[in-house]
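Peer 1: The primary structure of each chain is shown beneath.
2 protein chains.
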Amino acid sequence: MNAVDKFASLLTLTREPFPASTKSAIVGSRPDLRVPVRDVALTNGECVSLYDTSGPYTDASVDIDVRRGLPDVRGKWIAERGDTERYEGRIRAALDDGVKHEERMSDKEGERIAQLRAEASALQRTPRRVRSGANVTQMHYARRGIVTPEMEYVALRENGKREWMAEYLDNDERARRVAGNPMGARIPQIITPEFVRDEVARGRAIIPANINHPEVEPMAIGRNFRVKINANIGNSAVTSSIEEEVEKLVWAIRWGADNVMDLSTGKNIHTTRDWIVRNSPVPIGTVPIYQALEKVGGVAEDLTWAIYRDTLIEQAEQGVDYFTIHAGLRLPFIHLTANRMTGIVSRGGSIMAKWCIAHHKESFLYTHFEDICDIMKAYDVSFSLGDGLRPGSGADANDEAQFAELRTLGELTQVAWKHDVQTMIEGPGHVPMHLIQANMDEQLKTCHEAPFYTLGPLTIDIAPGYDHIASAIGAAMIGWAGTAMLCYVTPKEHLGLPDRDDVKQGIIAYKIAAHAADVAKGHPGARSRDDALSKARFEFRWQDQFNLGLDPDTARDFHDETLPKDASKTAHFCSMCGPKFCSMKITQEVREYAAAKGLAEDAALVEGMQGKSAEFKAGGGEFYIPIRSET
Amino acid sequence: MNAVDKFASLLTLTREPFPASTKSAIVGSRPDLRVPVRDVALTNGECVSLYDTSGPYTDASVDIDVRRGLPDVRGKWIAERGDTERYEGRIRAALDDGVKHEERMSDKEGERIAQLRAEASALQRTPRRVRSGANVTQMHYARRGIVTPEMEYVALRENGKREWMAEYLDNDERARRVAGNPMGARIPQIITPEFVRDEVARGRAIIPANINHPEVEPMAIGRNFRVKINANIGNSAVTSSIEEEVEKLVWAIRWGADNVMDLSTGKNIHTTRDWIVRNSPVPIGTVPIYQALEKVGGVAEDLTWAIYRDTLIEQAEQGVDYFTIHAGLRLPFIHLTANRMTGIVSRGGSIMAKWCIAHHKESFLYTHFEDICDIMKAYDVSFSLGDGLRPGSGADANDEAQFAELRTLGELTQVAWKHDVQTMIEGPGHVPMHLIQANMDEQLKTCHEAPFYTLGPLTIDIAPGYDHIASAIGAAMIGWAGTAMLCYVTPKEHLGLPDRDDVKQGIIAYKIAAHAADVAKGHPGARSRDDALSKARFEFRWQDQFNLGLDPDTARDFHDETLPKDASKTAHFCSMCGPKFCSMKITQEVREYAAAKGLAEDAALVEGMQGKSAEFKAGGGEFYIPIRSET
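In order, the protein sequence lines correspond to chains A and B.
19 is the number that the working numbering gives to position 19 of the first sequence; each next residue is one higher, with no gaps.
181 is the number that the working numbering gives to position 181 of the second sequence; each next residue is one higher, with no gaps.
Derived from the structure by calculation, the hints contain no laboratory data.
Where is the CB? At the ideal position from N, CA and C, for every residue including glycine.
Short, incomplete list of chain B residues facing chain A, as computed with Cβ under 10 Å:
id, residue
1, 397
2, 511
3, 556
4, 558
5, 562
Stretches of chain B that chain A covers, calculated by requiring three or more beta carbons in the stretch to come under 8 Å of a beta carbon on chain A:
id, stretch
6, 339-350
7, 492-499
8, 514-521
So that you can see chain A by itself, here it is in the shape it has in the complex (with noise of 0.2 Å):
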């Protein structure tokens, strides 16, 4: 089945909860103020509670209708701020899909785009904008010492519920040995809503939160705060359809994707954005000059600022939460990449480097750099500073191309915080893993601790089709080094789009990463999944050690491979070394034993154990263990 037709077959939402899973909400200081989070009922009566992305889908009390849109969660937060205005808006242009879609259009084609839009436009609130001499941003409140009903949700959220956790870290020695390296992170042992504003504030954190995005379960990406991971979505001109775009939102997040982009550069590109934005708990970002391509026919020479900046305008309207600018692709770092092994491998870098070359000019995105702060503090649209210079190949990694362009985004940073916008910086791409740290080094030094967002990196270059893999290695380490936010890679990355299953892959592989990262920079709150699952795995517990993982569903197919009966769910031993061995069964005993005699010395167990071996063999010395097929 390819990928057109795996699209096809999806015509309805992905919602069952997960296995033995319900949703549940942390409530804050006010009744309208409820984070959400899945809390997975162990069989042995346990609750392990888990930070949720998956929104409304997976609470099968909510009834979900695409076309009316998310329930709001932010709307009378804004509202109370009295700082906003609703505004009739932009008029919408006919442009705004596309200059060559429009021409190239079938009748039944047309028809069909007619009514989607229609039903879309149907969905667009009347948007909100700053009033006169205002800022809007949580940058701005944070400054002015005000702790917004944001922060304190993300406050909740990053906390999570932490009573099931204590058994797990009720043991000094265990959490001595194990405390993680923060790396120079600071997470605090509970993150508190003050926390949340000092952060955010400093620019260490952000919050993206378009006002125009009221549906968002805010977040926050930073590294005092959980690692997050970015899932790229977005149609193209061979595949896709609007209702599917919905879906894979949906399915991105159902598998803990904590930010979604919509990369669209085909079709339809702003009514596939209303569907996505109205659609989504989590905040969406897009790299703008796609769309203002689109609008000059894809020729990259005729953009303009005037094109640019109502796009820009158009999309913070409709609730975009950031915004991908390669405004530190400057004119002079252009010739830096004649020697590359890759060149430019950005595609947006790409577009601005043949608009400079054409017109030898600078960049008008960094010539009008201030004049973009001035709309995003309008909506509270966040800053992602594109690496449009990053490294396409381990042979150009941090050269001089990619390192002007880094310090340039530094230099806009201070700019943007100027006028109080939120702001995080891209990385790359392609570093081997022992250029790493040196890309976490500079990004810090440089960039003032403003949240770093990267893409992998992927460590080598020759796995085509693996590179989910090759990527989640650099993925993990320059979490644990301190980077806020990890862009996923797919499988198909260089080869094609990716599919249902590729995007399911990219997302678990960075989910991995993620919580690789927070258990090595020893944040509090995430080693104790792993404890509960291993613990689950001793005690074969088998339905607990699947729905504790990151995808129960897999975990339980491939048990069900060899071992498809129920009763081996509850079996004290697997497949791998069958009913005969079992290294797990051993210990038991020998905790028993050590309990029994009180542990005390080596002495008195070496003597106990004297005892116990006549005991043993009185008994047969017959018992069944199992556990790993290796060595």
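Assemble the complex: chain A is given as a structure, and chain B must be docked to it using the hints.
Peer 2: Quick look at chain B alone, frame taken from chain A:
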């Protein structure tokens, strides 16, 4: 299709050569020293030559018959040394295939097995052993200053053909910028046979090569050589047949397994091994305690030194190249596991722990260690000193149980070296990222630089179904830190027996980890393959990009999903961005332009760009560019 059906459908060996690849040989100082490499012909006329583990199976000119076994590679070298003799060997015992299975066999099953055994016995060569008073280990020769053909073979194999790399190595700026960080390794630009001898003499590398495995293509495991990977195969009580085992071996080495461990625990364990060894061009490792346990009907307490010793000799005569021996799991360490989250997770370790507790005696593997050395040196079987107390969860990482055993392995290494027996040390397991370096440091310190051979490690515990990824992260990091061989983990880890596809997934993930480590260490022969692939990518040579990858088939299939036509394989775009944008193309423009102008300085270039700008506009400024979809 479940695992059983999948294997049943494989009646023939996988023998197709890799796409665009031919097998060739580097000929050494004697005509019978021919080191295989895989030469990949690129569409631009260039050739890239790769390290090759697949043996004669991918050589279309070799006639393979698993019932005859592989051609002899080293027989003459062994005989020439004059320090071995042929002898009748141990008499095949009824129990060799396990006591219980014999009793339970049906008549039909019995007939089939009798047939297979007869064929296997026909394969079995008359064994060799050391002549009285001699020592036939590669370490023994090395310490006496003798460079064996095996050492020369390894040197040529590690270097490979270097001519093709020249073009990727002649850029000084790049060479300096991406130069590796060897983390204490000392890898020379060119490996000489004398260097190999010296490393083996110091114990810093081993060449697993039993004198009864003349079919083996010699390879080295050591931190100053390429990082190697091991794949585990083996039958179990539930699934698998002997024919399938050989195909699993062929499949594993096709994708790059440098070593294979036969971890069979079920029926026909002796017979299975005959077939595997006689048909394996890579070193074969085993855990002899598994078979010994079969001989005592699965009752660990009934194990004796006599039965174990007989098993070692049995397997040494068959040609097993290294034995995992858990001699470091001593009685006084067992109670250290009492408070662990997951106790003892090594199967071999748990068997010995059970024996020690039942008898309340020190492990016979420890008390008879010098007797074991006597057997090892009579056949040149290498030690893989097992980590029976490795952590089975992140919570148990780096604890006293683990390190007490590791220190004991260091003591035993010195005993083994006293006998000139080649030795490597097994390592964990489950280790969060921030505790990985300490494992390497501790191993280097306590085990005197004997090669480290780790299982992963898995960096988190919450990824059942994806543990190949969770562990590839740890494997890459510990490989960079100095681990010489990485034991793979498949997606089925903790859940069930890996099938054919799982084996491949595990191997590719580990080839990625090993290569990422080689690149980070700055192995002089590693990065050129990345460069060749990146160049192909940049120049839109799609076929070359596929064929230089770790898995050409999957890369091609992924590309075909959206752009199946042959013409797309030379197209200057891919489906990610479609035919309209390509960042690669703009770089070619920049490069051509810079070249024409001589590049010189910024100023000159900037001036030139004004001209370029005009030229662009005159030509309509439209050109077609593509490559990555992310931002």
